[in-house]
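Note that the protein sequences, when read in sequence, are chains A, B, C and D. Using my numbering, you'd call the opening residue of the first sequence number 1 and step up by one each time. Using my numbering, you'd call the opening residue of the second sequence number 1001 and step up by one each time. Using my numbering, you'd call the opening residue of the third sequence number 2001 and step up by one each time. Using my numbering, you'd call the opening residue of the fourth sequence number 3001 and step up by one each time.
Quick caveat, the hints were computed from the structure, so don't treat them as lab data. Do not rely on the hints blindly, as some may be mistaken.
[To be verified] Heads up, simulated EDC-like pairs for lysine to aspartate or glutamate below, C-alpha to C-alpha not over 16 angstroms straight-line:
no., chain 1, residue 1, chain 2, residue 2
1, C, K2049, B, E1347
2, B, K1246, A, E67
3, B, K1246, A, E284
4, D, K3035, D, D3154
5, C, K2210, A, D63
6, C, K2210, A, E67
7, A, K409, B, E1347
8, B, K1246, A, E245
[Said to hold, decoys possible] Computed, partial: chain D to chain B, Cβ under 10 angstroms:
no., residue
9, Q3007
10, D3010
11, E3067
12, I3068
13, T3092
14, D3096
15, Q3369
Heads up, the beta-carbon is just placed ideally off N, CA and C, and yes, glycines get one too.
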Amino acid sequence: MLLQKEMIGKHYRDLASAGDEGSKVVYTFVPGNLTELMGSFGVLPVLPEINALQSGMRKLSGDYISEAEKQGHSEDVCTYVKCDIGMLKKGNVGPTGLKLPEPDLLLLSYTGCFTFMKWFELLRQEYDCPVAMLHVPYQADGRIHDHHRDYIVEQLESEVIPKLEQVTGRRFDEERLRQRLALSAEAENDLVWVLESAKNVPSPIDAYFGGVYYIGPIFTAFRGTQAGVEYYQTLRAEIEERLAERRGPTTPEGELEEERYRLVMEGPPNWTSFREFWRMFSEEGAVVVASSYTKVGGLYDRGFRHDPERPLATLADYCMGCYTNLSLPARVDLIADYIREYRADGFMINSVKSCNSFSVGQLLMLRQLEERTGVPGGFIESDLVDPRYFSSANIKNRIESYLQMLEQKRGTAA
Amino acid sequence: MNIFVGVDLGSTTTKAVLLDERGTIAGRGITNSRSNYEVASRVAREEALVTARFNLVRNALVADSELAGIADGFVPLLERTFRREQYRDQLRRLRGELHRSGDRGRRSQSPTRLREVLDLIVDEMDERADRHFGALAVRKSDFFRDLAGGDYMALAERFAEPGGVEFETLSGLFDRAILPVENSVSETPMEELVGRALDAAVGASGPRGGAAAGLELAVARVRSTPLEELSSVGTGYGRQRLPFPKEQIRSEILCHGLGAHVMFPATKTVLDIGGQDTKAIQVDENGIVTSFQMNDRCAAGCGRYLGYIADEMNLGVHELGPLAQQATTCVKINSTCTVFAGAELRERLSLGQRREDILAGLHRAIVLRAMSLLARSGGVREEFTFTGGVARNPAAVAALEQLVAENYGERTINISPDSIYTGALGAALFALSASRKAA
Amino acid sequence: MNGDGQLFVVGVDVGSSAVKTAVVRMPAEGADEILALRTDRIRRRDLRKVIHEAYPLVLAEAGIEPGEVAYTASTGEGELVDFRRGHFYGMTTHARGAVFLEPQARSVLDVGALHARAMRIDARSKILGYRMTSQCASGSGQFLENVARYLGVSLDEVGPLSCGARSPEQVSSICAVLAETDVINMVSRGIATADILKGIHLSMAGRYVKLLRAIGAGEEHVLITGGLAADAGLANAMRECAEQGEMSMTIHTHPDSIYAGALGAALWGGFRHRVLARRAAQARREVS
Amino acid sequence: MNAELAQLLDRVRGLSEDVDFACVREWKGQGSGRKAVGYMPIYVPRELIHASGMLPVGVLGAGDRLEIIRGDAYFQSYICHIPRSTIEMALTGRLDVLDGMLFPSICDVIRNLSGMWRLLFPDRYVRYVDVPQNFSPDVGGAYWRRELEQLWSDFSGLAGRPRDARALARSLEIYNENRREIRRLYEARSLEPWLYPASELYLVTRAGSVLPPEEHTTLLRRYRELVAEESERREEDLSRIVLVGTFCEQPPLGLLLTLERAGCSIVDDDLLLGLRWLTEDVPEEGDPLDRLAAAYLECSCQTASVYQPEGRRGGWLVESVKRNQAEGVIFCAPSFCDPALLEQPMLVEALAAEGIPHTQFKYSENTGQFAVIREQAGTFSDSIRLWSEA
Ligand SMILES: Nc1ncnc2c1ncn2[C@@H]1O[C@H](COP(=O)(O)OP(=O)(O)O)[C@@H](O)[C@H]1O
Ligand SMILES: Nc1ncnc2c1ncn2[C@@H]1O[C@H](COP(=O)(O)OP(=O)(O)O)[C@@H](O)[C@H]1O
Ligand code: SF4
Ligand code: SF4
Ligand code: SF4
């Protein structure tokens, strides 16, 4: 964890000094992010989603959101957007307290969410900088079509790369991209190992609350870097040790003593009360063994690896394969598999108000998963970064009732 | 006798159920929830103990061939007598509190004048007690607050002007005085009230000679039977505040599921509409919850919705249903929010729409919301049990029956007159099984 | 209209909790003058009857005959005012009424039984921007009334009690109906009535300040109108919230704030009357 | 009112209120093997359905005409309303008349709804129509042509008849004519809005979502002729308003009536874009599929759902205000509609730069209470009328 803090700290310092160093800055999104490509151009990425979630964790999001609402944004829409706009209006100071540089390019990888498009159109109004739009077709029928891949590659060639070249003044260097892709694949192997360590009983990790720390670097600026590779090596070693000693996952209260429930989680966590939320599970001995949220920036555990042999095509496949770009049936399949593979006692859906991309259809997923797996599901509602939508008592009541239900069920089965 | 206690601390009512060792219901008690949860749960429990005693009396009488004939008349008499005693006792405390708040206020009226009027009102209330507890009386509510409140307001309206006191002042005083009355326990122990009632009932019941002696003996035996609480479990909205250790607290969802299962063993789907939340629960053949859904914290769609509407119309909650059943058409209510629905109601009334028809619409609205929740939890399966306070409302039941039939076809719908106790029953069952396991 | 060019106009503001009526004398020149004001609580009475009964009473109070009224305007839920000549929308009238009561007012916050509306206006009471609360009555006047009832205090006592609170209890936004249990909870935790009220005022004020912020109210003179203007506790809490939010607006109330809608309707009625009269005169001139 | 006009209006009202799609059933009954394909609003190439001999049917939610029971079970409270009533219609068998269903890429809600459809109705034809967000002919255009080709094949399979370029060319013409007629109506309304109340215009246009296009074109024409003869309709003193934000979930008719009663006369709107998203004729020369693909790139209307490669948002709105001599803009978006609500601040900015007054509120298709909206719209039109000249 310490290592991660350092990495992130350095990244924000680099960003703060981008102007003085003459580095170019590109804003982009987590799902379908083209980190390797950006890296090959030497630009620094800023991920507004991450800023928003960090603001949530540091309890600043409430103010930012109301600032955006004051600017005329509706209370109904995604709070990540409002949190970001609010932060911008309040001086664009990033999570580490350093000011963020303005973008030289907005790289709109339009993957798995329509709100992304509006978000960057809104930012474009503010910054008047170029936008590169990469339209990633939705995997509506559960598979990747060749002509969809071609469409993405063509867009990379005709839209994204030329704009990066124009902004940086550098030429596209395919070899550098390949190198980065190779580094990505290496880190991805270790990440998958870490996530799959949760198949052990008891699990050495929590693949949701703990999981967000594990995916942090690979979903953001550090994929395709040496630092990223090393981070995952260290992480893997740590978990190997934990596993050998049969130790449980870390929780806000220290190490978990007894694993009483194994859960699969669907949906992003709440950030404004992240620890409190986590504690509601850990106090009852509930461990999340697999989650879909940790797949929004890539679904590596189902076999995808960045492939240096097909540099642009692999980027296309990566974009299309992110979790929120999967069709609902594919999402149901995935979670049903997780429930079986990870021997889960139950699954829980955290439905967040902000995110239609995640939330629409979750109630049907709930039904379908229960029918298919015979495992009962739980349903809670909150939001990502809007503190107004975290009703602690309510959520606690539901989690508690749900876990007691699992226990009661187990009681009769035994 | 050993007993096991389940307490369901709801948002509007607090219920207690006592089970004996064989799992049969020994007694039930209910009171309105109030700011002091501990008092609420204690009162509910004591009420349940009282009914347990009454049941014991009944059993003793039925068991005795000579007395069996009078059991049917005696127990209700006993109950009425007890309630009247209890009501009077509470009235005494109300009088005290009324005086106290009357003296405290800085009002333009002279305190003595105010006291006089208050006394006039309470005296009259005391005299009216028999109207509530007479043999043929239809009691409007189980709760002192409602019974006394109704009388008080009516009398205040009558005495205010001649007494030279403003009605608003009087009504304000009641609102203030009722709180401490509810939140403290009577100095007269419940057992003593029960004893008094027993004595009075024996005196008034009329059997002579040997029967009288037998009755006295049976009653004396019941009076001396100890009721020992072996374990208890708490549930409900306020369960976290109950003075119980954590392992004696159970989620209300599980309790409702189990309670419904025990009342109607073939139950598959349970709908509970309580005062402040609505739950749709699916259970398996053992009464174990397999999935559930509950609504958000918004009164639209809960019992309070109807309570609020009843207030708006100056009616008691129990009067709403029967009125709505006299509707000729069902008005579509546009407002979701309870408060706005209240405003809509006034607006519609002023436009000349019939009260009954609007009420029918309001009942349908709340049931519609419950239907969505049911659908969300997995639909209505055979058999279906409707619990919670709103199950006492015939119009809500009728609307539910109709909508269930329309959407799911024929389903057996179970409704028990005791359905309000479902959660407490479930809790008591948990208490019983915990102690069996421990043994 | 009298020969001296003065007008008598009436405004009827039909709210969800009360009907407010105002009679105003508008001289040809000089300041307009309030002749009579009246509130009639509806409280489960037939609304039509309330309106019809109030009208002659308020005229009598003003000392004028029905025939002398130049224009009767309704506002709010005005459909039942079948003797009106015209209708103006609530925000239009509250804005006008506000400027009449306090000419410096540049923002108006109208808090009634069900809704709250914030408006930014100019010196002629033209509405530059507005925001309203949604279809949830949490934080409305009705909500406060309910809370007061659960606490056993009268509406008049609410303000003074709240102003005297020492350590207000933090209250999150709560359902106006379920507030009963929340309030009971607070009482059960031994929290003083005054602190509960102040907490609720602060939570309402927070929402209202947000509304004001959303319409871009800056360093201005804000006038509270509607029924809750009578509640000193709310105004007080608003001041605290504004201060906390580092907003330099000043919050005001006026003793006749509750009549802002009725007054505005009356005044607009007078305005329209003169416009119409002018047009008619012109038409006559053209004919002759 | 002229009896024929009254009758025509009754008919279109009936069509819009009919949640059972009786007229589609009727149409299918008139020939053996007839099929119908449903589509959610906007960006659906109806021409391809038509060219395959099937009837394209717009699915626009159920408005306030259905009690939502099961629909609510699938959607959390913070999701707009149209998917609820759509699912409700589907689960109650009302959409069984449709042999296929298309979900264009409007927003995440419609997108996920397409997946829900696959899960709930695994045996039916479902397709998500992913409209390109790249407007270069070689990239987005090529992609779109492939998608259209795929669609066309699907339809010909569904209809059981081979792809026929001549039939497609004819369909292009028929739809060109239909859209032309709608445009004429809009132009006429802009000139004399009192002749064409928004609620009427809406219903008459909306009939095109269930009627065969040829029949709809005739109906539109007849409506215009009848209105011209209507002598009772007189100019009133109302404010001229452009209505925006209503492109997907349909506003209840009561809302349009409320706006008019509150003194707003609607002179342009973005209602029913599914029937008019192509703003110009598709050229009549060349390969019909090429032309159809190109038309999207060149002359499709701008909405919140489609990326705008350059410049600032809202140019078209300012242009519409000017062209129609509107005095203000009313933003009226469905509650919880992310695209419309996220777009709004940008449009507001564009209007503010031009000093065009505007106001905003939200609705849902089953809103039954318009008091608040009337109040706001009324205030808006008051403010335009009472203060504008001074
Ligand atoms: N006799 C009755 N007739 C009709 N409705 C009733 C009756 N008693 C209670 N209710 C309804 O039941 C609600 C209380 O239900 P209950 O299950 O006790 O709730 P909780 O468990 O939340 O306290 C009340 O709000 C009221 O609407
Ligand atoms: N004296 C008072 N002190 C505090 N609040 C008051 C007082 N009088 C009225 N109110 C509040 O004002 C509200 C009514 O406001 P009003 O503007 O008349 O609403 P409406 O126009 O919707 O009827 C009531 O709900 C009440 O809360
Ligand atoms: S809608 Fe969801 S995926 Fe899209 S920006 Fe918001 S949180 Fe992210
Ligand atoms: S909408 Fe009405 S009932 Fe629901 S939370 Fe708000 S005030 Fe309460
Ligand atoms: S109303 Fe808006 S959010 Fe809802 S489906 Fe339509 S476009 Fe999507």
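Results of checking the hints against the structure:
1. Straight-line distance between C-alpha atoms of K2049 of chain C and E1347 of chain B comes to about 13 angstroms, which keeps the hinted pair within the 16 angstroms bound.
2. Using a Cα cut-off of 16 angstroms, the hinted pair K1246 of chain B and E67 of chain A is violated, with the two alpha carbons roughly 42 angstroms apart.
3. As the CA atoms of K1246 of chain B and E284 of chain A are separated by approximately 12 angstroms, the hinted pair is consistent with the 16 angstroms bound.
4. This hinted pair checks out: K3035 of chain D and D3154 of chain D have alpha carbons roughly 13 angstroms apart, not beyond 16 angstroms.
5. Between K2210 of chain C and D63 of chain A the alpha-carbon distance is near 11 angstroms, which keeps this suggested pair within the 16 angstroms criterion.
6. The hinted pair formed by K2210 of chain C and E67 of chain A meets the criterion: a straight-line CA distance of about 10 angstroms does not exceed 16 angstroms.
7. About 50 angstroms separates the Cα atoms of K409 of chain A and E1347 of chain B, which puts this hinted pair outside 16 angstroms; it is violated.
8. Taking the CA atoms of K1246 of chain B and E245 of chain A, the gap is near 32 angstroms; set against the 16 angstroms cutoff, the hint is violated.
9. A distance limit of 10 angstroms between C-beta atoms decides the matter here; for Q3007 of chain D the minimum to chain B is near 28 angstroms, and the interface restraint is violated.
10. Because the closest C-beta pair between D3010 of chain D and chain B is about 22 angstroms apart, greater than 10 angstroms, the hint is violated.
11. The closest approach between the C-beta of E3067 of chain D and any C-beta of chain B is roughly 6 angstroms, which is under the 10 angstroms cut-off, so the hint is satisfied.
12. Hint status for I3068 of chain D: holds, given a least beta-carbon distance of 7 angstroms to chain B, under 10 angstroms.
13. Of the supplied interface hints, the one on T3092 of chain D holds, with its beta-carbon coming within about 9 angstroms of a beta-carbon of chain B, less than 10 angstroms.
14. Checking D3096 of chain D against chain B: minimum C-beta separation of about 17 angstroms lies over 10 angstroms; hint violated.
15. A distance limit of 10 angstroms between C-beta atoms decides the matter here; for Q3369 of chain D the minimum to chain B is near 4 angstroms, and the interface restraint holds.
In the structure shown, a violation is registered for the earlier hints numbered 2, 7, 8, 9, 10, 14, in ascending order.
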